[in-house]
Amino acid sequence: MTLDDVKIWASHRPTLADSLGIELTDITEDYLEGRMPVDGRTHQPMGLLHGGASVALAETLGSIGAATHIDVTKQACVGLEINANHIKGVRSGWVRGRAAALHLGRSTQVWEIR
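When we follow the working numbering, the leftmost residue of the sequence shown carries the number 1481, and every step to the right adds one.
Treat the hints with caution; some may be incorrect.
[What the hints assert, rightly or not] The list that follows gives simulated cross-link-like pairs (lysine to aspartate or glutamate, EDC-like), each with its CA atoms no further than 16 Å apart:
| # | residue 1 | residue 2 |
| --- | --- | --- |
| 1 | K1487 | D1498 |
| 2 | K1487 | E1503 |
| 3 | K1487 | D1506 |
| 4 | K1487 | E1513 |
[Said to hold, decoys possible] Pairwise CB distance ranges, derived in the manner of DEER restraints:
| # | residue 1 | residue 2 | range |
| --- | --- | --- | --- |
| 5 | D1519 | K1487 | 20 to 26 Å |
| 6 | P1494 | R1576 | 33 to 39 Å |
| 7 | T1495 | A1564 | 16 to 22 Å |
| 8 | H1523 | S1587 | 35 to 41 Å |
| 9 | R1493 | R1594 | 23 to 29 Å |
| 10 | P1525 | L1496 | 16 to 22 Å |
| 11 | L1483 | D1551 | 15 to 21 Å |
| 12 | R1594 | T1553 | 27 to 33 Å |
Simulated from the structure, these hints should not be mistaken for laboratory data. Because the structure is a prediction, the values reported are computed rather than measured. C-beta: ideal position from N, C-alpha, C; glycine also.
Let the hints inform the model, and build the full structure from the sequences given.
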């Protein structure tokens, strides 16, 4: 799938990614990149990026990346496990993520999102 194909496929219904302002920015056979604004939609009460929003960005990129490696008319991708480390607080601007496939198996995939 091209980046435009993925954007069309991912945007055919309202999602959490839409609510958070997540945008897909690049795609290759090996990775998918996206970004999310750090603003009132994604802040926690102290004015920093909410950890749950970061995890939502990661889950979105991993799931869409996985979907690019299957026939979405016959199969669906769902997350099995996610772990997150919050290294640095962000108050404004954009955060970016890059999902890279570590394993593309017949029934499971493993993606690393940074």
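So, going through the hints one by one against the coordinates:
1. The hinted pair formed by K1487 and D1498 meets the criterion: a straight-line CA distance of about 11 Å does not exceed 16 Å.
2. A distance of roughly 9 Å separates the Cα atoms of K1487 and E1503; the hinted pair therefore holds under the 16 Å criterion.
3. In summary, the hint linking K1487 to D1506 is supported, as the alpha carbons are separated by about 10 Å, within the 16 Å threshold.
4. Distance hint between K1487 and E1513 is fulfilled; the C-alpha atoms sit about 12 Å from each other, no more than 16 Å.
5. In this structure the supplied range 20 to 26 Å holds for D1519 paired with K1487, their Cβ-Cβ distance being about 21 Å.
6. Checked against the hint of 33 to 39 Å, the pair P1494 and R1576 fails, with Cβ atoms roughly 23 Å apart.
7. With their beta carbons about 20 Å apart, T1495 and A1564 fall inside the hinted range of 16 to 22 Å.
8. The hinted window of 35 to 41 Å between H1523 and S1587 holds, with their beta carbons roughly 38 Å apart.
9. Take R1493 and R1594: their Cβ atoms lie about 28 Å apart, and the range 23 to 29 Å holds.
10. Taking the beta carbon of each, P1525 and L1496 are about 20 Å apart, inside 16 to 22 Å as hinted.
11. Roughly 19 Å separates the CB atoms of L1483 and D1551, a value that falls within the hinted 15 to 21 Å.
12. As the Cβ distance of R1594 to T1553 is approximately 30 Å, the hint placing it in 27 to 33 Å holds.
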